[in-house]
Amino acid sequence: MLRRIRRKSTKGVGIKKAERIYGFIFALPAIVFFAVFYFLPIIKTLQISFYRWDFLSPPAFEGLRNYVVLLKSSEFHNSLWKSFYYAFGTTIPIWFIALGLAVLFNRITSTSWLYLVVYYIPVVVPLIVACIVWQIMYHPSYGMLTLITRPLGFVDIPWLTSSRLAMPSIILLSIWKGTPFYMVIYLAGLVSIPREYTEAAQIDGANKYQVFRHITIPLLKPVILYVIVISIIAALQVFDPFYVMTKGGPGSATRVVTLFVNETAFQYLKVGTAAAASLVFFGLVLCLSLVILKFFRSSWE
Amino acid sequence: MKTVKKALARNILWHFSLLLGAIVIIFPIIYMFSASFMPLEEVFSTPVRLWPSRPRLLNYSEIFTKFSLHRYFLNSVVLTIFTLLCNIFFCSLVGYSLAKFKFPGRDILFTLILATMMIPSNVIVIPLYLLIRSLGWVNSFWGLSFPHVIAPFGVFLMRQFIRSIPDDYIDAARIDGCSEFKIFYRIIMPLSLPAIATLSVVTFVNIWNLFLWPLIVITSDAKKTLPIALNQFLSNYANDWNLLMAASVIATSPILLFFFVFNRGFIEGMTGLSGLKE
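Protein sequence lines, in the order shown, are assigned to chains L and C. The first sequence begins at 1262 in the working numbering and counts up by one. The second sequence begins at 368 in the working numbering and counts up by one.
A couple of the hints might just be wrong.
Taking beta-carbon pairs under 8 Å as the criterion, some of the chain C residues facing chain L (in silico) [unchecked claim]:
no.	residue
1	413
2	475
3	514
4	545
5	547
6	560
7	576
8	583
9	587
10	637
11	644
Below are the EDC-like pairs computed for lysine to aspartate or glutamate, each with C-alpha atoms no more than 20 Å apart in a straight line [unchecked claim]:
no.	chain 1	residue 1	chain 2	residue 2
12	C	467	C	543
13	C	467	L	1336
14	L	1305	L	1315
15	L	1277	C	429
16	L	1278	C	474
17	C	591	C	429
18	L	1278	C	543
19	L	1278	C	429
20	L	1277	C	474
21	L	1278	C	534
Source of the hints: derived by calculation from the structure; they are not laboratory data. Each residue gets a CB set at the ideal place from its N, CA and C atoms; glycine is no exception.
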């Protein structure tokens, strides 16, 4: 109230109009940028998805044919399945490992911060570098992992070249790369829980597990929900390791949707089909996030 | 006495398990460093060698002479710096506008910008390529950098931070006759330095790692950025592991260096959490 009076008395009505104009001018770069680089492209993708087009010859309108083709395409079904296999295969272990590590850290002191910095290194290493290093570690005869597998009696494991192991191998790399990030988010949640709560429960005779199960976890629910949704959405958009390490192979064992869309558009030049596939997948991801949010909201409240 | 001993034992166990975890986690990185100093025959030895018998520094000169890594490195540096400066300027400007000005459609604009964070790059990459192509920007620096000069996350971050700056600063400057743009760069920008630091970290990591977009836009070898060049290197020289590792070390070192100096800013910036460590 006071502020409003002061404003009126100093500048009067003029400021209001000037404010509107300057606010708009300052926001103008964003209006243009997001319209040109985000919203128009989305509309354009939708438009392209109704055409048959190869980037060069004139586009031919086909109605919903691209969507029908996708509905029947076993390649697309396979890529959907691979994407979700990868996403859940990566994120479910991450949820638990990250939470376990965060509990192990338990608090942020100067010593534990030092550990935290080391644990966080995989996150800052460029993804392409991680792919190269892991690809070399996965080499059946000279890779670093033979140090572990050979004494166990496994010789020449075809990590990336067998259709059964390729996906789990990329999943392992992704768990390594992603876990510390989510660990920090859990840790921030844990640190923000007041000590009094857990101490009070302990005084009342609760053991460690009971405190964790009935005090910590319920208080951590918003953080857990956040981690679950964010990690799944992020995992469904991963592209680089598949492109760099396996190119979707062997066969189609690791051809996730992102790779499928990229290849369909830029390799097979079926632009319309690729656009339709990306939109269908986007829709599925949105639905999945809503379902997860709804499911956890209703079961937790 | 007994409880002291117990606490000590628990402390040692705590350190031991964290240390063990740390070794497992950074093992691939250590291997990357050690293999980058090995001669080729040591990389391909059975059982696998963990350490070079005699460090071979020649690997590091060979990646520049044989593979001209410096060119790609420079491309990445230029791209990162340019994009970073644009992001700092535009995200602050737009964030300031959304935080401190009232104009019709402001809240809708903010909501729309937030919504763009949900859009996967996969969905917009084809039309984006068409746009760049129609502008004649394929295989150019502008085509590469332009779609990244403003990040929705950056606008959100700056807007949230600038909201916490008291209006009195702005009002006082206005009374003193300061122009609106001068208020922005003389008052708002300096006061937003903590948020700008966070923004810089996130942008740096994102742009340095950019893969899909340069893969599509860049067609000539001379303009490739580091990640694309590394991928090329992996397919062309798949057996020169020691050189591959040396190139990987070079690609990692700028980020790793900054990370060790500003580790707190990195972790807080990337996870979007502040005040992690007191």
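Quick rundown of the hints versus the structure:
{"no.": "1", "hint": "413", "verdict": "7 Å, holds"}
{"no.": "2", "hint": "475", "verdict": "11 Å, violated"}
{"no.": "3", "hint": "514", "verdict": "5 Å, holds"}
{"no.": "4", "hint": "545", "verdict": "12 Å, violated"}
{"no.": "5", "hint": "547", "verdict": "4 Å, holds"}
{"no.": "6", "hint": "560", "verdict": "19 Å, violated"}
{"no.": "7", "hint": "576", "verdict": "5 Å, holds"}
{"no.": "8", "hint": "583", "verdict": "7 Å, holds"}
{"no.": "9", "hint": "587", "verdict": "17 Å, violated"}
{"no.": "10", "hint": "637", "verdict": "7 Å, holds"}
{"no.": "11", "hint": "644", "verdict": "5 Å, holds"}
{"no.": "12", "hint": "C/467 / C/543", "verdict": "18 Å, holds"}
{"no.": "13", "hint": "C/467 / L/1336", "verdict": "51 Å, violated"}
{"no.": "14", "hint": "L/1305 / L/1315", "verdict": "15 Å, holds"}
{"no.": "15", "hint": "L/1277 / C/429", "verdict": "64 Å, violated"}
{"no.": "16", "hint": "L/1278 / C/474", "verdict": "18 Å, holds"}
{"no.": "17", "hint": "C/591 / C/429", "verdict": "19 Å, holds"}
{"no.": "18", "hint": "L/1278 / C/543", "verdict": "19 Å, holds"}
{"no.": "19", "hint": "L/1278 / C/429", "verdict": "63 Å, violated"}
{"no.": "20", "hint": "L/1277 / C/474", "verdict": "17 Å, holds"}
{"no.": "21", "hint": "L/1278 / C/534", "verdict": "17 Å, holds"}
The earlier numbered hints that this structure contradicts are 2, 4, 6, 9, 13, 15, 19.
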